[in-house]
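Protein chains: 2
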Amino acid sequence: MTASSHHSSSPAGIPSWIAVDWGTSNLRVWAMGDSADILAEAQSPLGMNAIAGDDKLSFEGVLVGLIDGWLAPDARDVPVVICGMAGAKQGWREAPYCDVPASSSDLAHGAVNPNVRDPRITVSILPGLCQREDADVMRGEETQLVGFMKQNPDFAGWVCLPGTHSKWARVADGKITGFRTYMSGEVFALLSQNSILRHSVGDDWDDAAFADAIRAAKAQPSGFLHSLFTVRAGALVAREGQAVPSGVAVLSGTVIGAEIADVLGLLQMDEEIALIGAGKLASLYQEALAVHGHKATPMDGTSITLAGLTQARQVLTNASQRN
Amino acid sequence: MTASSHHSSSPAGIPSWIAVDWGTSNLRVWAMGDSADILAEAQSPLGMNAIAGDDKLSFEGVLVGLIDGWLAPDARDVPVVICGMAGAKQGWREAPYCDVPASSSDLAHGAVNPNVRDPRITVSILPGLCQREDADVMRGEETQLVGFMKQNPDFAGWVCLPGTHSKWARVADGKITGFRTYMSGEVFALLSQNSILRHSVGDDWDDAAFADAIRAAKAQPSGFLHSLFTVRAGALVAREGQAVPSGVAVLSGTVIGAEIADVLGLLQMDEEIALIGAGKLASLYQEALAVHGHKATPMDGTSITLAGLTQARQVLTNASQRN
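If you're matching them up, the sequences are chains A and B in order. Per the numbering used here, the first sequence starts with residue 1, numbered consecutively. Per the numbering used here, the second sequence starts with residue 1, numbered consecutively.
The shape of chain A in the complex, shown without the other chains (with noise of 0.2 Å):
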């Protein structure tokens, strides 16, 4: 591992490192200041998949590109931390998987340094998490994981984080002993999107359907694969003047009340559920959740990945000033 250097001191917007979320399809930058007080921050639609993509493009060159304003020219060494899919085979350089279970320390001491041209940075790319048993991986959410388990050490249970491919993560002792993968967002999209039940799936939004279909993919948890032709059967068996249930409502329960029926069958007795996301998504877990008497308040997902990536910077500096 190089060196990072440790700024005991920056002067005013002068950053002392750099905080990086670099997914598939998009990158976001933060200028730390030294008490991990965000100085500036940028963000760029060029993820892993543009870069990997396109000749011209390279890692470094996106990266500088997007923070050079905040170097100053003889800066030297400014450590960039970076979480997410540039540390994937196809990415920037591969940070090979840190096993379950895994501390903040085994996952930060996972990174690697990508040799870079520009002698005013250096960087780490922080590793996935992987799971042998049950096969599953992650690349971004750990750091998440990583900063909830900071922001709340006494926390035993499931942290869900949803999205494409929403996550859960079984978190105790400082620890993520292991987890999860639903491919629920993306099932959710292709069916809506591609199948013939996007002729069924209207704007109209209905919380009543939404919440009868999340208790009915409790009730019968194995019928997932029915249950979705419900959603164009309910329309076309309604009797005249007869109300049809919203179709994207129906259709958005049955998936997501799909992906919590099993979670919550494999949810020890006193253990948590928290939840990490913002927006609408994160409300429908929210409500989903609810609906099986789990209360789940939604916890900003930015401010989480910040917290994880300034851990991972402590461990790394601590580690350096060691050597």
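In short, the hints are calculated from the structure, not lab data. The reader is advised that the hints may include incorrect statements.
[What the hints assert, rightly or not] EDC-like, lysine to aspartate or glutamate: derived pairs with alpha carbons at most 20 Å apart:
(1) 218(A) with 207(B)
(2) 280(A) with 204(A)
(3) 56(A) with 118(A)
(4) 218(A) with 134(B)
(5) 89(B) with 240(A)
(6) 218(B) with 77(A)
(7) 150(A) with 106(A)
(8) 150(A) with 271(A)
(9) 280(A) with 154(A)
(10) 89(A) with 74(A)
(11) 295(B) with 272(B)
(12) 175(A) with 271(A)
(13) 295(A) with 94(A)
(14) 89(A) with 240(B)
(15) 175(A) with 99(A)
(16) 218(B) with 134(A)
(17) 280(B) with 207(B)
(18) 150(B) with 34(B)
[Unchecked claim] Partial selection, computed: residues in chain B whose CB lies under 7 Å from chain A:
(19) 136
(20) 185
(21) 259
(22) 281
(23) 284
(24) 286
[To be verified] For each label pair, taking beta carbons as the anchor points, the in silico distance ranges come out as:
(25) 240(B) with 72(A): 36 to 46 Å
(26) 194(A) with 219(B): 23 to 33 Å
(27) 240(B) with 302(A): 35 to 45 Å
(28) 302(B) with 208(A): 41 to 51 Å
(29) 72(B) with 205(A): 51 to 61 Å
(30) 38(B) with 243(A): 42 to 52 Å
(31) 243(B) with 45(A): 35 to 45 Å
(32) 132(A) with 267(B): 30 to 40 Å
(33) 96(B) with 205(A): 24 to 34 Å
(34) 65(A) with 55(B): 45 to 55 Å
The C-beta atom is built at its ideal place from N, Cα and C for all residues, glycine as well.
For this one, chain A is given, so just place chain B on it according to the hints.
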């Protein structure tokens, strides 16, 4: 209902009636002799969708174009019995769904007779079947079930018709008492062609991986949306030199296995399972059922469709003779 004149005898090669299976994406017709013998057959890609989407096509025009050569110029009122999507709302003429429980006679008596200009034919379009509680619908498969019941009058159990939207119908005492549609075929196609899993499904097939996925689906009946992701994760977490199971076999087994696990949960003691279909897909269902100890030999769907149309023709003839 218009009278269906009964031809007590037919010159060789002149059909006494015409059987039609008019689906969403194709049309099959058979010239039938008096004793359910096939004199000729033909097919066309002009299914309901092609006709509904083309101003220049009419259902009667397409049908007559295909059977014109079978009809003598002076023929009158040759009965044409049609099953399938021609009876849908967007079809030739809507034949409203018949409710479960339904016998062969119930279905035949729900036939509708569109007006036709060609005096050589008279047309009956058979209804589909619907279930109001646990909403579900079928159009076309109910005629296969009628043919199956005719050929297997003592059967009591579930009949499986694999396909884009697989149907499982419960049959006993000459009636279809209920049924369930599973979107398995369409979900498999979307996931293998349009989802992130498309990168993980190659051409290599592996019977053992398929059987393992069938078993896993029954062991984790609520975990479908998670199990899908292991198709991808399994390859990513494999250690150097470790064999990766065939992605397409795991995906296929995960989808078909989820469907079958759900049906097996509904199977009452002593109920049998029958399988209607042909080719690779029917073989996969046969193999999947065998994993769980159920023997079901695929039966040819075409001859069963014709048996169902023949049965409907008989009921309609008897009814017209009574009038």
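Against the structure, the hints:
no.: 1; hint: 218(A) with 207(B); verdict: violated (32 Å)
no.: 2; hint: 280(A) with 204(A); verdict: holds (15 Å)
no.: 3; hint: 56(A) with 118(A); verdict: holds (18 Å)
no.: 4; hint: 218(A) with 134(B); verdict: holds (15 Å)
no.: 5; hint: 89(B) with 240(A); verdict: holds (14 Å)
no.: 6; hint: 218(B) with 77(A); verdict: violated (54 Å)
no.: 7; hint: 150(A) with 106(A); verdict: holds (14 Å)
no.: 8; hint: 150(A) with 271(A); verdict: holds (18 Å)
no.: 9; hint: 280(A) with 154(A); verdict: violated (28 Å)
no.: 10; hint: 89(A) with 74(A); verdict: violated (33 Å)
no.: 11; hint: 295(B) with 272(B); verdict: holds (9 Å)
no.: 12; hint: 175(A) with 271(A); verdict: holds (15 Å)
no.: 13; hint: 295(A) with 94(A); verdict: violated (38 Å)
no.: 14; hint: 89(A) with 240(B); verdict: holds (14 Å)
no.: 15; hint: 175(A) with 99(A); verdict: holds (11 Å)
no.: 16; hint: 218(B) with 134(A); verdict: holds (15 Å)
no.: 17; hint: 280(B) with 207(B); verdict: holds (13 Å)
no.: 18; hint: 150(B) with 34(B); verdict: holds (18 Å)
no.: 19; hint: 136; verdict: holds (5 Å)
no.: 20; hint: 185; verdict: violated (10 Å)
no.: 21; hint: 259; verdict: holds (5 Å)
no.: 22; hint: 281; verdict: violated (15 Å)
no.: 23; hint: 284; verdict: violated (15 Å)
no.: 24; hint: 286; verdict: violated (19 Å)
no.: 25; hint: 240(B) with 72(A): 36 to 46 Å; verdict: holds (44 Å)
no.: 26; hint: 194(A) with 219(B): 23 to 33 Å; verdict: holds (30 Å)
no.: 27; hint: 240(B) with 302(A): 35 to 45 Å; verdict: holds (37 Å)
no.: 28; hint: 302(B) with 208(A): 41 to 51 Å; verdict: holds (45 Å)
no.: 29; hint: 72(B) with 205(A): 51 to 61 Å; verdict: holds (59 Å)
no.: 30; hint: 38(B) with 243(A): 42 to 52 Å; verdict: holds (47 Å)
no.: 31; hint: 243(B) with 45(A): 35 to 45 Å; verdict: holds (38 Å)
no.: 32; hint: 132(A) with 267(B): 30 to 40 Å; verdict: holds (35 Å)
no.: 33; hint: 96(B) with 205(A): 24 to 34 Å; verdict: holds (30 Å)
no.: 34; hint: 65(A) with 55(B): 45 to 55 Å; verdict: holds (54 Å)
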